[in-house]
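Using the sequences plus the hints, can you model the full thing?
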Amino acid sequence: MTPGITSIHAKPGKSVTVTLSWFLFAAGLVAYLITAAARHRDNPEERVTPTVAQMVTGMTKAVLSPAEDDEALPEGASWVTRLSRSMLWKDTKASGLRFFYSMALLLPAVMLGLHMGLFPYVGALFLRFVLFFDKIVALSLLPILFIVFGIDELSKIMLIVVGVAPTIILDTFNLTRGVPGEQIVKAFTLGASDFDVAYRVVLKQIWPRVLNSIRLNLKAVMLFLFAGEMIASTDGLAYRIALLRRHMGMDLIIPYVLWTALLLFLVDLSMRLLNRRLHPWFEEGGLREGGAG
Amino acid sequence: MLLAAASTSAAQTKPSFTVGWSVYAGWTPYHYLQQSGIMRKWADKYGITIKVQRFDYAPSLDAFVSKTIDACTMTNMEALDMPAASGVPTTAIIVGDYSNGNDALLVRNGAQLKDLPGKRLLLVQKTVSEYLFDRAMTMNGLKDQIKQVKLVNTSDSDIATAFLSDTNVTATVTWKPLVSQIRKQKGITSLFNSSQVPGEILDLTVVRTEVLNRPDGSGRLFAKALAGAWYELIAKMSVPGPEADKILRAIGAGSEDSLESYKEQLGTTKMFYTPQSALVFTTSAEIKQKMALVRQFCFDHGLLGTNTKSVDDIAIGYPDGSAQGKGDHVRLRFEATYMKMAAEGKL
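These protein sequence lines are chains V and Y, in that order.
Residue numbers for the first sequence, in this note's numbering: 1 to 293.
Residue numbers for the second sequence, in this note's numbering: 294 to 640.
What the hints contain is simulated information worked out from the structure, not anything from laboratory work.
All residues carry an ideal CB built from backbone N, CA and C; glycine is no exception.
One thing to keep in mind: the hints can contain errors.
Claimed, not checked - To give an idea of the chain V side of the interface with chain Y (calculated C-beta under 10 Å), a few residues:
id: 1; residue: GLU68
id: 2; residue: SER213
id: 3; residue: MET230
id: 4; residue: SER233
id: 5; residue: THR234
id: 6; residue: LEU252
Printed below as a string of C-alpha cells:
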C-alpha cells in the first residue's frame, strides 16, 4: 500500500517536490498582485502597494541615477559612471563596508572562544563575563556606544560586534570543549606544543562548525546593521529605507528589501561553498543538503 | 477593517469614528478630551461614538494613510506629503496652533550659520526639522551652501543623546521637549527657531475627506463634535488661574510632562485659543503664502512622490474656494466651516 500524502512515509516525486517548494512564492506573489491591483482601482494614487511597473521604474532610477542630495550626473555619462555614482551602489557600498568590517571583527571573537575553551586561565577570566554580556540587549547600550565611539561608522560597527560577538565566542567555546580529550592527549604524546594543539588540532576541526555558526548569525548582524543605520546615518540601505518611509516610498522600499535579501543570500551561499571547499571532509551532521542555507 | 466594522454596525448602532493623536504640546489636549469625558459629551450630543487613540507620530500617519483611523493630528507638511500625496484626500478642520519656537536649530561652541557647511548636523531628515534648517539658511542668504552641510538622519528617540554625547557634532535641529533637554548642557546656543518663521509649521486636526463627505452626513457630525470638544477645552486652558492650571497639569500628564514643562512648551506654541483667531488665520492670504513655501519644499525634496511631476499635481484648496495647483487635483483642503460654527456658537 502506498502511504498517503499526510504520512511520514510519503515519497513525493521530484516534480511534485519542486512545484511544492515554489508554491508559496507563487501564492504570495499572486496575492500581492491582486491586492495591489484592487487598491489601485480604488485609488489611482495609492502608494502603499505599488504595482510591479512602479517598482521597476523606481528601481531603474535608483540603479542609474545618483541620490537627490548628490551632484547630478554629467551629460552623456557612461554606464560605468552612472552605475558607480548611483544611489543603489552608494547605499550598498556603505552598508557592505560596515558589514564586512564587523564580520572581520568576529575573527578575534572566534580566537577568544578557542582560547577560553583550551587555556584554563583565559577561560576563568572571560567565561563568566561573556556569559553575562551575552544576555545584554546591545541596543539599550546605544547612548554609551555614542559616548565611546561617536556617532560615525565606529559606533555602528561596534553595535554589531557587541551584539553578535558574545554568541560567537560562546559557540566557539562550546565547540572547543566538544573536541574529544583523547585527541588532545594523543597530539601531546606525539610531541605537539600548546599552540600546535590549539591551532592545528582543535581550531582546524572546529572551523567548519564555527563558519556555520557565523552563517546562522548573519541575520543578527544584518538586524544590528539596520538598527544602527536607522538611528543615525548619512547613507546605507537602511538609511534609505528610513527616509523613504517618511513619504511612503514603497515603490523603492520593496525592491530595496528584496535586494538586501538577495545580497544576504549570496553571502550565505558563498560562505557555504567556501566551507565545503576548505573542508571537504566535513559533513554537516544532521543538516540535510543546504539545510541552513 | 475598522472602517468596515464602523460602516456595517452603523446600520444598527451609532456611527463610530476614531481620532488618533501623538505627543506634542498642541495635540496632547486630546488626552484630556478623552480622559475628562468632554469628547464623549460632544459625541453623545451628535449621536455618534468617538474613540480617541494615542499613537507615536509616524505610526499615526501610517494609520491615517491606511484608513485605519478617520481623523488624526499632524503638521501641514505631513498632511501634504503623507495622506494628500498618497491619494488619500484630506481635510483640515481645526488649525490648532503653529510652532512659535518649539522647533530649533542648536549649535555648540558658538558656531554660526555660515560655519555649518562641511560640518555635521543631526536631524530627522525630510520632516519639519529639515524644513526649518532650509529656511534658516535661505533667510540668511546661504541657500547655495545647504548641500555642503552634512545632514545625519537621526531617529528622534536617540537624537538628544547622540548630540550631547558626541561633542564633534556641531549642530542639530529638533523640537521640544528635546530642545529644552539639550539646551541644559553648557555651550549650546540656539541659532534659529520656528518663531522666526511664524505660521509655517502648522499643527492641524485632519479628517479624511471621504469620511467627512459620507452620504449619511455622519462625517459632518463627527467634525462638529471634534470642533465642539476642542474649543470647549481650549477656552478653559486659556484663562490663567488655578482652574486652568489643574487642566494643564492633567494634559501634561498625557506626555509625562510636569505643569511647568508643559507651560514652557505652550509658551513657544502659538495656540489659536479662540475659534475666531483660528478662522482669521485659516481664511487669510497669509496661510496661502506659507503653504506655498511648504509645498515647494516638499516637491523639491521628492516628498510628493517620485511619480509626481509637478508641484501643482497635489493641489491645496482654501475656504474661499481657490486652489494652489490644479483645481481638479485638490488633495489637501483647509475647511473653515467647523471653526466658523464654533466661533458663531452654532455647535
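Index of numbered hints that the structure contradicts, given in increasing order: When the structure is compared with the hints, only number 2 turns out to be violated.
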